[in-house]
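Sequence lines, in order, name chains A and B. Following our numbering, the numbering of the first sequence begins with 1 at its first residue and continues without gaps. Following our numbering, the numbering of the second sequence begins with 1 at its first residue and continues without gaps.
Be careful, since some hints might not be right.
Pair by pair, the computed Cβ-Cβ distance ranges are [what the hints assert, rightly or not]:
| id | chain 1 | residue 1 | chain 2 | residue 2 | range |
| --- | --- | --- | --- | --- | --- |
| 1 | A | Arg127 | B | Ser286 | 40 to 46 Å |
| 2 | A | Val253 | B | Trp132 | 19 to 25 Å |
| 3 | A | Ile252 | B | Val177 | 48 to 54 Å |
| 4 | B | Asn200 | A | Trp186 | 31 to 37 Å |
| 5 | B | Arg105 | A | Ile252 | 27 to 33 Å |
| 6 | A | Ile8 | B | Ile285 | 22 to 28 Å |
Read the hints as simulated data drawn from the structure, not as lab findings. Predicted model only: the values in this text are computed from it and were never measured. Glycine included, every Cβ here is placed at the ideal spot set by N, Cα and C.
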Amino acid sequence: MEILFQQIVSGLATGGIYGSLALALVMIYQATDVVNYAQGEMAMFSTYLAWTMLNAGLPYWLTFFATLAIAFVGGLVIERVIIRPVENAPILTIVIVCIGLLVILNSVAGWIYSYIQKPFPSPFPERPIKIGNVVFGAHDLGAIGVTLVVLAFLYVFFRFTTLGLAMRAAAQNPSSSRLCGIRVGWMLALGWGLAAMVGAVAGMMVAPKVFLDPNMMAGILIYAFASATLGGFTSPGGAVVGGLIVGVFENIVGTYIPFIGTELKLTVALALILIVLVVKPSGLFGRAAVHRV
Amino acid sequence: MRRFPTLPVALALLAVALVLPFMMTGFRLFQFTQVFIYAIALLGLNILTGFNGQISLGHGAFYAVGAYASAIMMDRWSVPFLLTLPVAGLLCLVVGFLFGIPALRLEGLYLALATFALALAVPQILKYFEHWTGGSQGIVLSKPDPPVFLGRADAPLGLKLTPDQWLYFVTLAVLVVLFVLAANLLAGRTGRALVAIRDNAIAAQAMGVNNALYKSLTFGVSAAYTGVAGALSAGAVAYVAPDTFNVFLSITFLVGIVIGGLASIAGALFGAFFIQFVPNWAQEISKAAPWAIYGIFLIVFMYVMPRGIAGFLRLAWVRLARARAGTPARA
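Only chain A is shown next, with the shape it has when bound in the complex:
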């Protein structure tokens, strides 16, 4: 029973990370109808920047917020410069541009920082926390906490600020928003900036567990895809819930179904994506897509 509890908590921790990355994907998808394949690599790159600052001797939390700021600006610039010209292009074009972005970020990171794995520090104590008979990793609990704070921040931002309202309006109905005086283009760019920021948090929270290397986000990204698909690409809350479910599911399946173990982790995600897309393409909480002919 203790093992089950531990697996659930550690599943929630990774699930929170999947959930945040999935949330970043959904935010961009809702605002610009783009599934950002480069989301994982953007997070990876931000984490490398954080690593550089930490190595230069900056304290952790200062680095943390500085990285968020840089990621925000980076996401904004990417939208304005690279995505904007193809915004209304066919899907294939957008997918190709995102893939291009993915390989550029991946290889530039490899170029600058080499492909050797690097340890990345956790801001939380190493000593595990014991509650009753169950032992939890402090980093796991901390990561859950950080994820919750980020979600709360986003919720408050979108729900209670004028800017958040404007961004939601721009995503939902661009032409009417434009008539109300909202600068839709900038709202979309802001969305990319925020998504990059959320991704950076996910990157910094996952790096202590998987080590830092240019390919570290590939596996996480596919799980984030699975989470977003499960929760529904049209539902931000669903993406987070999807992430938590997927995280716990992954851990429990890995522990209790011996023939899967850790060797088929990515295949589990693939199967999950396919099953959800075939059985219920809109996901658990999403709206069914309606096409106008």
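We have chain A already, so just place chain B on it with the hints.
Chain B only, in chain A's frame:
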């Protein structure tokens, strides 16, 4: 305006290709064999993504299935190399068709997503079936020998072939057959149906095209092309290992069709030359450089040359022909 003389040009290129292996040896020849193999794989992907508009980011998976099918047959049951090619093709046809059925329900972005996940999962799946695939060690093969009558010193017409030359000719022959087949398939009724589905699925359906059947069949045919290419590569490289079939292989194919030219048969050849030779040159700058260059090319081509090299050449030919005819050139 004069049409581009496709047939004479193709025949001239074929003549050059037939002489080539007697003028170079070893690694250089292997590189050209590899170009042809890539061209076949790219044509397969281009039929699906370029002509039919179904985005696949996971064609490396079918390349892997073809390569492993061929390798296992040669390694376990000593099946002759040539015989493994059609078997690998058929196997991939079935696998692709079956994958194409659930893919019917996925449009655009979602299909890209599912195939991307497939591409990421391939190495793991290959390692998992260790008993068959040799796990992460892979399978080491011996290079297929030319048939006895061509390997002997007194071969007919003095055509004594080395294994490298033999593989080159086999690949070239397969390439020609598959390209002619594809050209015929795409020029007629079927080709028009594929393009119609891409451009407006509902209108195509209204015109009597059986969308579901065409789309899943296209998936099958496309996978078969790429699978045959994979089987050829197993022979040419004489080695298969799971980590060579990673997600970057699938992205390389995507790069190939984008650079070569979406929805163009000749584009597959241009793309193949690009993905074979450009990384070699770029590697001299840095290990990471080829991918940075790929990425930049992908984005820049989407902005300025969305129809790739083939589209650019077509445009250049049209301009040239107009200029010759004395009419002012217009885009």
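Each hint, compared with the structure:
1. Checked against the hint of 40 to 46 Å, the C-beta distance between Arg127 of chain A and Ser286 of chain B comes to roughly 42 Å, which is consistent with it.
2. Distance hint check: the CB atoms of Val253 of chain A and Trp132 of chain B are about 24 Å apart, consistent with the given range 19 to 25 Å.
3. Taking 48 to 54 Å as the suggested C-beta distance range, the pair Ile252 of chain A and Val177 of chain B conforms, at roughly 51 Å.
4. For the pair Asn200 of chain B and Trp186 of chain A, the supplied restraint of 31 to 37 Å holds, since their beta-carbon distance comes to about 33 Å.
5. Take Arg105 of chain B and Ile252 of chain A: their Cβ atoms lie about 28 Å apart, and the range 27 to 33 Å holds.
6. With their beta carbons about 48 Å apart, Ile8 of chain A and Ile285 of chain B fall outside the hinted range of 22 to 28 Å.
The structure is inconsistent with hint 6 alone, although it conforms to all the rest.
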